[in-house]
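Enquirer: Sequence:
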Amino acid sequence: MSLRMYLTGTLVVVVAVTAAAASPGIGAVDDGTHATDRAVQTAQQSQHAQTQTCPLPANTSSESFDVSNLSAPSTVQPGDEVMVSADVTNPNDAPLIQCVEFRFEGDVVERRGWALNPNETETITFTVSADGLDEGTYIHGIEARDTGEVTTLTVSETPPPTASVVFDNQTTDGASVTVANATLSDGGFVAIHNESGAIVGASAYLAPGTHTNVSVVLDTPVVENTTLTAMPHLDTNANETFDFVQTNGSEDGPYTDDGTPVTDEGLVTVVSEPTTPNETTTTPNETATTPNETTTVQSVLVV
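Just so you know, the working numbering puts 212 at position 212 of the sequence shown, and the rest follows in order with no gaps.
To be clear, the hints were calculated from the coordinates, so they are not data collected in a lab. Every clue listed holds true.
Label-pair restraints from in silico Cβ distances:
| id | residue 1 | residue 2 | range |
| --- | --- | --- | --- |
| 1 | 226 | 139 | 36 to 44 angstroms |
| 2 | 217 | 272 | 17 to 25 angstroms |
| 3 | 178 | 70 | 35 to 43 angstroms |
| 4 | 219 | 171 | 16 to 24 angstroms |
| 5 | 245 | 185 | 19 to 27 angstroms |
The C-beta atom is built at its ideal place from N, Cα and C for all residues, glycine as well.
Turn these sequences into a full structure, and let the hints steer you where they fit.
Expert: Here's what the structure looks like:
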């Protein structure tokens with residue numbers, strides 16, 4: 001791996017490079033030349049990758065390298081370093097060197113030759129300093145000849161809100177669940193999502209800080225074992241009411257880490273409460289029999 005620094009305008013770009021391995025039998029490098037000596041071919045490819053010389057004009061007789069899995073933070077502060085990376089794949093049946101560019105607001109900050117064997121994929125990484133950039137949102141990305149991926153970068157003096165959440169496996173009667181721990185820098189809520197992603201419950205408003213054993217009543221009780229996900233949300237309109245669902249996501253969005261929502265999932269086991277069997281008391285019918293009493297009166301003759 002080699003590190004090289006380039007100064008372009010207000011951006012200082014330090015590029016970490018992992019050169020493609022020069023494996024035996026790599027074949028000719030299609031960079032516009034047709035060398036015949038295999039050792040020379042391998043040396044040319046290795047040197048080309050290390051010096052980062054871009055073959056121009058581009059050879060359009062082959063398919064463009066593919067760019068995928070762009071990774072970059074969504075928000076930084078002025079002066080922060082920004083790591084931007086993407087996977088680059090050679091879809092051709094021959095080893096090639098093609099140009100791969102890092103662009104910022106449409107301008108090419110760095111263009112470099114990248115050597116790949118057939119169907120090989122490597123990750124290219126650029127480290128960009130946000131020093132000197134005004135606050136605002138910028139478009140940047142990594143591009144090959146015909147493909148590329150872009151994203152946005154927001155530069156702000158205000159640090160982005162942060163959150164963490166711990167949602168342990170648990171047993172429940174199905175009516176509510178408990179979030180073991182939630183830390184929200186700006187306060188907000190913890191929403192519970194089912195396996196399809198729908199929100200099935202949300203906590204009451206939580207003040208900024210750390211909270212433990214947060215009980216969340218579910219909108220519809222779960223009746224069987226399932227995996228649920230806890231997701232901290234902001235209170236973007238500061239009304240201490242969870243409005244994410246009602247506003248179709250325009251308010252009270254989730255806390256994110258590099259653009260990805262902060263979550264934790266747990267297995268929820270539903271346990272029914274034991275039922276008490278009905279007790280039936282049977283009172284035997286009591287029949288009282290009174291014996292017939294017979295009284296005999298003798299006739300008395302009175303004179």
